[in-house]
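Undergrad: Please take these sequences and the hints and turn them into a complete structure.
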Amino acid sequence: MATYADPQALVEAEWVAQHLQDPKVRIVEVDYDPASAYHLGHIPGAVLFDWRKDLNDPVRRDIVSQEAFEALNRRAGISNDTTVVLYGDFRNWFAAFAFWIYKYYGHADVRLLNGGRKKWIEEKRPLTEEVPSYPPAVYRAQEPDARLRAHLPYVLNLLGKRGAALVDVRSPAEFTGEITAPPEYPTEAAQRGGHIPGAVNIPWSKALNDDDTFKDPEALRRIYEEAGVTPDKEVITYCRIGERSSVTWFVLRHLLGYPNVRNYDGSWSEWGNAVGLPIER
Amino acid sequence: MVRVVRTVDLRAGVELCTDSPIGRVQRALAGLRSEEAVAVWVKGYADEFTVTAWAKRNGYSVLEVQREGKEARILLGVFSEF
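From first to last, the protein sequence lines stand for chains A and B. If you count the first sequence from 1, you need to add 66 to reach this note's numbering. If you count the second sequence from 1, you need to add 2 to reach this note's numbering.
Be aware that a few hints might be false.
[To be verified] Heads up, simulated DSS-like pairs for lysine-lysine below, C-alpha to C-alpha not over 27 Å straight-line: (1) B:Lys72 - A:Lys190; (2) A:Lys299 - B:Lys45; (3) B:Lys72 - B:Lys58; (4) A:Lys299 - A:Lys272; (5) B:Lys45 - A:Lys227; (6) B:Lys58 - A:Lys281; (7) B:Lys45 - A:Lys119; (8) A:Lys299 - A:Lys190; (9) A:Lys272 - B:Lys58; (10) B:Lys72 - A:Lys119; (11) A:Lys299 - A:Lys281; (12) B:Lys58 - A:Lys119.
Honestly, the hints are just simulated from the structure, not real lab data. These numbers come from a predicted model, not from an experiment.
TA: And the structure:
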């Protein structure tokens, strides 16, 4: 059986269970809604990263700055040589987003818990409401790795070019423009529905089994190659705000080993609101 | 005796492009009276845990949990000391 391209990027629940007391490992729960996740119970020793507050700039629309990311890790007792294990709510979307940010800022050893929060609880593994505290650590982020991220002008420049593949990982209803964003997420609304011209629709969830673990390498390869998303291409993933697309970015870059994959975190909430950009439905 | 006034079905494995499961439960519970209940269908222990733990933490009562295989029907009501 084939293995993932970067097997270290993914850990199983049993591995985490055996490293709960390992001082070199820090477990981080990354939630969109901690009130319905971390605060109800979390993996013993896990610290909370609140996606909205901790991984986004508090003023402008952007991911957390290098300086704020360093401070976040220091507070969590994470140093540059810590093995960081991420998991979270919403089927690991925001944990995958955090994984992407860790790679963007050059962290050496970051891993995603296969199956995330759901599988951990499903297996009735231990949970606690106790919030841990760790001594502050020394953490220095690397310069951002621009090869992992796409901004709007970069995506625009790739439109229609051979050798490029745009992967829209949203649901089919979002891809066709039937849904833009629901009222529950007012900051994610778009003026227009549809997708970026030339994009193929491969919903992020196709990469997962029913228990939220990732499918095996052969199955994953078939899903993307049959849609024309092959390793020789420059691939850009996007969704609505860049978190679901982080899951697909993780699959393509770390599980399948595609060499050139960027996450467009501006995603549809940027493209669908921009004046004059081309849109397909 | 409580009367089920609303039902929320979370068994479908939500795509979550629209709304969070707890958000749906929360809306169904809004305005609930003491003799009323909301039925929540879940699939798997993780969702059962999340719904019941969230309800207890937010002042609601878990009146009943009926399990059928991997599925469960959870009855939620407003908390009453009497």
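Undergrad: Next, verify each hint and record whether it holds.
TA: Going through the hints against the structure:
1. Restraint check for lysine 72 (chain B) and lysine 190 (chain A): the C-alpha separation of about 14 Å stays at or below 27 Å, so the hint holds.
2. Simply put, lysine 299 (chain A) and lysine 45 (chain B) have alpha-carbon atoms about 39 Å apart, too far for the 27 Å limit, and the pair is violated.
3. At roughly 22 Å between alpha-carbon atoms, lysine 72 (chain B) and lysine 58 (chain B) fall within 27 Å of each other, so this suggested pair holds.
4. As the CA atoms of lysine 299 (chain A) and lysine 272 (chain A) are separated by approximately 20 Å, the hinted pair is consistent with the 27 Å bound.
5. A C-alpha spacing of about 44 Å is found between lysine 45 (chain B) and lysine 227 (chain A), which places the hinted pair above 27 Å, so the restraint is violated.
6. Restraint check for lysine 58 (chain B) and lysine 281 (chain A): not satisfied, since their Cα atoms lie roughly 35 Å apart, outside the 27 Å limit.
7. A hinted pair counts as satisfied when its Cα atoms are at most 27 Å apart, and lysine 45 (chain B) with lysine 119 (chain A) does not qualify at roughly 31 Å.
8. This hinted pair does not check out: lysine 299 (chain A) and lysine 190 (chain A) have alpha carbons roughly 42 Å apart, beyond 27 Å.
9. For the hint pairing lysine 272 (chain A) with lysine 58 (chain B), the CA-to-CA distance comes to about 34 Å; that exceeds 27 Å, so the pair is violated.
10. Taking the CA atoms of lysine 72 (chain B) and lysine 119 (chain A), the gap is about 35 Å. The hint is violated against a cut of 27 Å.
11. Between lysine 299 (chain A) and lysine 281 (chain A), the direct Cα distance comes to roughly 22 Å. Compliance with the 27 Å bound is thereby established for this hinted pair.
12. With a C-alpha separation of about 26 Å, the suggested pairing of lysine 58 (chain B) with lysine 119 (chain A) holds against the 27 Å cut-off.
Violated hints, in rising order: 2, 5, 6, 7, 8, 9 and 10; the structure is consistent with all others.
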